[in-house]
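Protein chains: 2
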Amino acid sequence: MQFYTLKLCGLTRKLPIVALGPKIKIASFNLLGDGELVEKVAKRLEKEIKKFEFDYLVGPEVKVVPLLQVLSQRVNRPRYIVLRKNIMGYMIRPISVRSKPTLVLDGRDAEILRHKRVIIIDDVVSTGRTIRIVKELMEMVGAKVVGVVAVLKQGQEKISMNAPFVFLGKLPIFES
Amino acid sequence: MQFYTLKLCGLTRKLPIVALGPKIKIASFNLLGDGELVEKVAKRLEKEIKKFEFDYLVGPEVKVVPLLQVLSQRVNRPRYIVLRKNIMGYMIRPISVRSKPTLVLDGRDAEILRHKRVIIIDDVVSTGRTIRIVKELMEMVGAKVVGVVAVLKQGQEKISMNAPFVFLGKLPIFES
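The listed protein sequences correspond, in order, to chains A and X.
Counting in the working numbering, the first sequence runs from 1 upward without gaps.
Counting in the working numbering, the second sequence runs from 177 upward without gaps.
In short, the hints are calculated from the structure, not lab data.
Backbone N, C-alpha and C fix where the C-beta goes; we use that ideal spot for every residue, glycine too.
Treat each hint with caution, since some may be false.
Stretch-level coverage of chain A by chain X, calculated; a stretch enters the list once three of its residues show a Cβ under 8 Å from a Cβ in chain X [stated by the list, open to error]:
1. 1-12
2. 45-53
3. 56-70
Derived DSBU-like pairs (lysine-lysine); straight-line CA-CA distance at most 30 Å [said to hold, decoys possible]:
4. LYS47/A <-> LYS216/X
5. LYS40/A <-> LYS144/A
6. LYS25/A <-> LYS261/X
All chains, please: the whole structure from these sequences, using the hints.
Here it is in structure tokens:
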């Protein structure tokens, strides 16, 4: 197993390098369980987020959930919105995009977000596919995406967001 | 849609009552996105958790993840362990129980947990099935479960845990 050494917010992490296909490898970044890193990242991102005028933080399950929790508290938002990968038992009138992979929003959360300004939070932005799905869902429910904030940007690809895009560090993609 | 009113840690929440089968309904409790409730619950559970001698907090994805993050920070544990429902790309030598539904532990987390004392954290304990799966996994990797701490206990069923079981409140099960 090969590792990539990431330095982020004063901490050092050894990320395993995993194959995504026969000719492409990435360093796998995981916030889940790393409470110390989540706290440090949240402290740094808090400053970035406070530059925006917004109502809610929104993000996809699972790995960014700890960061959403800590960030929301830091910016005094009692609620944040988690998009699920499937329709869950607790949802009322769930809303999802038609494309696959999909993301699902609880209908009650959709009501909360209508005509509101949101910042999308993610851990790693690579092709921007997840962000596009979240944006599509936000448009469906009448929410306005005012910013996209990620921990890391992976690869060199330019991504068109139609919204300010902030990230703290970069991850390489290894191609052979 | 019917709702059940839950009072917990000084907050009031309207939980949707959803059918689990033709003759059974439950009040659906969801910590995801409710940052305010997560903070209050963590503050209360911190006191309970400090009564134990333990090394790590462990819990299943997804709904208890925000609580694991906040609780771990409160009790000064920089890491916590999240059990996933499937093998994920970032895992090295993942370990899972054979039963279905399964839970999966990253092999690196298994190394961290060997010979360590853990507290299992969950949001709602009902039949105790999830706790049994987590305990089985902990036994497989040589960790000792010293306590089970939940936000809510659902239903009247007595559950044998072979470890101290702490919870903050109760949820009814509606049978017809």
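The hints, checked one at a time:
A stretch counts as covered by a chain when three or more of its residues have a beta carbon under 8 Å from one of that chain; for the region 1-12 of chain A and chain X the count is 1, and the coverage is violated. Counting residues of the region 45-53 of chain A whose CB falls under 8 Å from any CB of chain X gives 0; the rule of at least 3 is not met. Counting residues of the region 56-70 of chain A whose C-beta sits closer than 8 Å to any C-beta of chain X gives 7, which meets the bar of three, so the coverage hint holds. Only pairs whose Cα atoms come within 30 Å are accepted, and LYS47/A paired with LYS216/X is accepted, the gap being roughly 24 Å.
At roughly 28 Å between alpha-carbon atoms, LYS40/A and LYS144/A fall within 30 Å of each other, so this suggested pair holds. Pair hint LYS25/A plus LYS261/X holds up; C-alpha atoms about 24 Å apart against a cutoff of 30 Å.
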